[in-house]
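Colleague: Sequence:
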Amino acid sequence: MKQLAHCHGQNYIAIFAKRFRKLLSELDLIAYGIQKICRA
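Mind the numbering: the sequence shown is residues 1 to 40 in the working numbering, read in order.
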């Protein structure tokens, strides 16, 4: 039972990391767009 919970926890962390990375790349795109608008 303990091992199952540990495995589930690792999966959850992996999913969270993937979503977090996607969010960061979206924020990067937004920041890049804002910089282009400010410079124009």
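These aren't lab readings, by the way, just hints derived from the structure by calculation.
Since the structure is predicted, the reported quantities are computational estimates derived from the model, not experimental observations.
Ideal Cβ placement from N, Cα and C applies to all residues, glycine included.
Check before you lean on any hint, since a few could be wrong.
[As the list claims (entries may be wrong)] Restraint-style ranges between C-beta atoms, simulated for each label pair:
1. Ala-40 x His-8: 45 to 55 Å
2. Ala-40 x Lys-18: 26 to 36 Å
3. Ala-40 x Gln-10: 28 to 38 Å
4. Gly-33 x Tyr-12: 27 to 37 Å
5. Gly-9 x Ile-30: 43 to 53 Å
Colleague: Starting from the range 26 to 36 Å, see whether the pair Ala-40 and Lys-18 falls in it by beta-carbon distance.
Modeller: 34 Å, holds
Colleague: Would you say the C-beta atoms of Ala-40 and His-8 sit inside 45 to 55 Å of each other?
Modeller: Hint holds: Cβ distance 48 Å, inside 45 to 55 Å.
Colleague: Within 27 to 37 Å: is that where the Cβ-Cβ distance between Gly-33 and Tyr-12 falls?
Modeller: 32 Å, holds
Colleague: Do the beta carbons of Ala-40 and Gln-10 sit within 28 to 38 Å of each other?
Modeller: Taking Cβ atoms as reference, Ala-40 and Gln-10 lie about 45 Å apart, which means the hint is violated.
Colleague: Can you tell me whether the CB distance of Gly-9 to Ile-30 sits inside 43 to 53 Å?
Modeller: 31 Å, violated
The structure fails to meet hints 3 and 5 from the earlier list, while all remaining hints are met.
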